[in-house]
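A.B. asks: Letter by letter, the sequence shown follows residues 1 to 160 of UniProt numbering.
Quick caveat, the hints were computed from the structure, so don't treat them as lab data.
Keep in mind the model is a prediction, meaning the values are calculated, not measured.
Cβ atoms here follow ideal geometry from the backbone N, Cα and C, with glycine treated the same way.
Don't take every hint at face value.
To be verified - If you anchor each label on the Cβ, the simulated ranges turn out as follows:
id, residue 1, residue 2, range
1, Glu143, Thr11, 37 to 43 Å
2, Arg144, Lys9, 34 to 40 Å
3, Glu129, Glu24, 55 to 61 Å
4, Val124, Gln67, 32 to 38 Å
5, Gln153, Glu88, 57 to 63 Å
6, Ala136, Glu88, 35 to 41 Å
7, Asn4, Lys109, 36 to 42 Å
8, Asp141, Ser10, 26 to 32 Å
9, Ile13, Gln147, 38 to 44 Å
10, Met149, Glu20, 44 to 50 Å
11, Glu24, Glu122, 30 to 36 Å
12, Thr11, Gln67, 24 to 30 Å
13, His41, Arg144, 28 to 34 Å
14, Val26, Val135, 24 to 30 Å
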Amino acid sequence: MAANTTKIKSTGIICKGNVEKNYEKVPMEVFDYIQLDLISHTDLVVYMKLYQYYNVEIGYAYPTIPQLMFLTNVGGKSTIHKSLKNLEIVGLIQKGKTLKGNNIYVVYKPLDKAELYECVPEKVVKLRERETDLVAMAENDKERFHQHMLDKQNEDKDGN
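Please put together the full structure from these sequences, using the hints given.
C.D. replies: Listed below in structure tokens is the structure:
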């Protein structure tokens, strides 16, 4: 997002439970792929656009690279190609070609958490280590804040 972002007023309507049209259901398991550092946030946006454009009747999505660049606001072809490669490596899409040579994409449902974790145990270990580090950081921040409040309280007592 640009540094000079225009502030836009919200609708004031809570989103959850109030979206009835113009939406896609997101398979929540795809966020496990992000958490395990298997795909990036950009990869997720590309995946969701392929999912949105998937034609069930013909069995694939067929946006062009420039269309994907426009739809996702990704600035470079190489970034789109990298995302498509990442999505294919982790089994979320399969890329193919039509007889005319146009790209087509089959979009797959993500693995459930247990299946995914079995596939990448080393990533699960790293995720657990990160979780432990973040919990420790939160505890440390809490202790520092508590100490800050005690110090401030003591300063107020000494100043009176």
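A.B. asks: State for each hint whether it applies.
C.D. replies: The hints, checked one at a time:
1. A C-beta distance of roughly 40 Å is found between Glu143 and Thr11, which places it inside the suggested range of 37 to 43 Å.
2. Between Arg144 and Lys9 the C-beta distance comes to about 36 Å, which sits within the given range of 34 to 40 Å.
3. With their beta carbons about 33 Å apart, Glu129 and Glu24 fall outside the hinted range of 55 to 61 Å.
4. Taking 32 to 38 Å as the suggested C-beta distance range, the pair Val124 and Gln67 conforms, at roughly 36 Å.
5. With their beta carbons about 58 Å apart, Gln153 and Glu88 fall inside the hinted range of 57 to 63 Å.
6. Here the CB-CB span from Ala136 to Glu88 is close to 37 Å, well matched to the stated 35 to 41 Å.
7. Checked against the hint of 36 to 42 Å, the C-beta distance between Asn4 and Lys109 comes to roughly 40 Å, which is consistent with it.
8. About 29 Å separates the C-beta atoms of Asp141 and Ser10, a value consistent with the hinted range of 26 to 32 Å.
9. Taking the beta carbon of each, Ile13 and Gln147 are about 42 Å apart, inside 38 to 44 Å as hinted.
10. The hint said 44 to 50 Å for the Cβ distance between Met149 and Glu20, and at roughly 46 Å that hint holds.
11. Take Glu24 and Glu122: their Cβ atoms lie about 32 Å apart, and the range 30 to 36 Å holds.
12. A C-beta distance of roughly 28 Å is found between Thr11 and Gln67, which places it inside the suggested range of 24 to 30 Å.
13. Judged by the Cβ atoms, the range 28 to 34 Å given for His41 and Arg144 holds: they are separated by roughly 30 Å.
14. Against the hinted window of 24 to 30 Å, the Cβ-Cβ separation of Val26 and Val135 comes to about 27 Å, which satisfies the hint.
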